[in-house]
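Make the full structure from the sequences, and use the hints.
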Amino acid sequence: MTDAVALRPARTVPLDVTLVLIPLAAAMVGLVIRYLAFAATVDDASLASFADGLCRWDCAWYVRLAEVGYDGFPTPNLVNGGNWAFFPAFPMLVGVLIKLTALPTMLVATATSIALSIGAIRIAWPLLGKNLYAYTLFAVFLLAGPFSIYFTTFYTEVLFLFLTVCVFAALSQRRFLLAGLFAAGLSATRIVGVFIVFAILIEVWLDHRARGGTWRDFIPAVFSRPDLLLSFALAPLGLFAYMAFLHFKMGDALAFQHVQRAWGRPFGLPPVFVWNALLATPKEGFIPTASQVLGATTIVGYILAGVLLWKRRFGMAAYSLVALTLPLFAGMASMLRFVSGLAPMPLMLCELLGRNRVVAVIALLAMLVGAWYGTVGWLTQYLALV
Amino acid sequence: MTRPLSLAAYALTAILLAGYALVMWWVIHPKVPESYRAYYIDQTTTCMNQPVAGTYTLGTVVSFLPDGRDAAKPLKPCGWEGPTGDGTHAVGTSSRLRFSWTEPKTGSLSLSLDLIAVKKGGVAMPQTVDVIVNEQKLATLKVGADAPSHFDVAVPAGLVADGRAEVVFEFPDAVQMGLTDPPTRWRSIKLLAAGLVPA
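Just so you know, the sequences run in chain order Y and C.
Reminder that position 333 of the first sequence reads as 333 in our numbering, one-by-one numbering, no gaps.
Reminder that position 123 of the second sequence reads as 123 in our numbering, one-by-one numbering, no gaps.
Residues from chain C that face chain Y, not an exhaustive set, calculated with beta carbons under 8 Å: (1) 20; (2) 36; (3) 52.
A partial selection of chain C residues facing chain Y, derived with a Cβ cut-off under 8 Å: (4) 19; (5) 23; (6) 30; (7) 40; (8) 41; (9) 184.
Please keep in mind that the hints were generated in silico from the structure rather than gathered at the bench.
Positions of the beta carbon are idealized from the N, C-alpha and C atoms, including for glycine.
Given below as structure tokens:
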């Protein structure tokens with residue numbers, strides 16, 4: 001924290017304004033880079049087709065969810081993969097906004113995603129040690145970095161990251177009830193969001209210890225604090241509300257889980273999947289395969305979780321470990337997206353890179369260049385990005 | 001927290017927990033159609049029986065290559081992928097065809113099939129295919145992988161008297177192509193053509 005203050009550059013504009021201008025600038029730069037990459041990659045590219053043109057892979061599912069809602073059973077086009085697999089919070093938010101504005105879906109989704117990213121960046125200021133370099137890097141990572149597609153188009157990652165940052169910001173201020181409310185939204189955004197309850201529990205325990213409490217009086221202390229109890233009870237509300245909806249819609253409260261079978265995902269041990277991915281060498285040349293990229297990303301994720309542990313950020317570390325490990329039981333698919341969208345990961349990465357000005361500048365330039373290649377890779381269907 | 005707020009928080013917590021208990025009750029008591037339960041929940045089949053129409057003209061043989069895409073589509077409830085250039089690929093441990101026709105019956109019928117087994121890494125994987133029509137097993141076919149084989153399976157007249165044939169193919173020798181492929185992705189045969197023709 002003191003290093004961060006020492007590294008803070010001299011300012012000529014008020015800090016509050018700077019903290020808004022940085023993500024706004026990152027958003028503009030990101031839009032320009034992604035558009036240039038889009039124009040260089042797609043035939044007949046135009047500004048009018050930009051937002052829709054970046055909507056690839058699962059994005060189409062979200063668009064349909066926002067416009068039409070959830071399918072019944074059987075699905076209208078008689079496929080096994082129903083859209084119940086996708087959690088409702090973000091498509092529902094965009095769905096409401098497109099009803100209110102009557103604007104095209106992808107335009108609304110893009111604007112909402114960018115607004116949520118800017119919000120997440122601003123709220124993350126204290127979580128980044130109030131280090132302006134780390135803050136700038138985090139802004140660029142989300143809005144103008146190699147994986148900015150996830151946070152600026154129509155993917156659930158952006159709301160997931162926003163709410164995760166909100167939960168941890170609330171926890172850092174010991175506002176447990178507020179954290180529980182954000183956690184409720186998180187558990188309606190992605191299934192792993194429900195495990196934020198462990199982070200809340202750990203922070204409550206640390207708060208208890210800081211007040212001189214022991215493990216013997218922990219449970220009585222929690223029961224004597226209705227705000228804490230309510231916070232824990234609120235955390236899974238989004239998940240259970242979605243399950244209740246699925247019960248009435250489909251007759252199966254676990255439809256989101258059961259439908260995974262239609263995607264033919266494997267089931268196995270995470271270390272085996274990671275090992276196999278790392279060993280999936282290219283048939284020729286030295287450019288890593290998509291599997292190797294996913295494997296390496298997963299390793300980086302665990303290293304960052306380890307750093308969180310080492311820095312005694314136990315809540316973030318525990319949540320990250322659970323959120324990293326659970327999807328791995330179904331293979332390596334989408335791990336790059338999951339790691340990028342797991343807030344403690346980019347927060348920790350940017351904090352580390354932001355400790356040194358030279359490193360921060362190099363990282364910033366690398367991220368901006370990466371935004372180009374990330375967008376081109378996205379548009380040319382580079383599998384690791386899916 | 002003031003006392004009324006504390007009481008309200010306790011009450012809200014209790015209501016939420018009661019709600020969660022109710023949802024958990026729904027979790028262990030799903031109310032779903034049999035086909036949904038078999039595929040998604042019990043996982044007793046890899047073939048999710050979809051309500052396709054089965055629209056078919058009796059006596060015709062439908063191509064399951066790309067040229068017959070439109071005619072074949074309403075005949076495939078589940079367990080098929082494609083068509084690709086070499087046929088419609090069976091996926092999973094069973095596949096299903098549905099034939100529904102309005103033409104008057106003219107006598108005994110024969111289920112005409114052109115099949116070829118898959119290869120794995122260039123190695124032929126001969127397949128055993130059990131053919132079941134309207135829940136009655138009619139034949140066990142041995143399908144090779146070197147060249148397409150033609151089969152005519154006799155269908156008793158009484159079995160399809162109502163102008164409808166639910167044909168199930170079971171693949172006891174289905175092959176796991178990739179190390180981590182789940183049973184829904186196992187491969188067995190490719191279907192090139194099928195139809196119900198006069199015996």
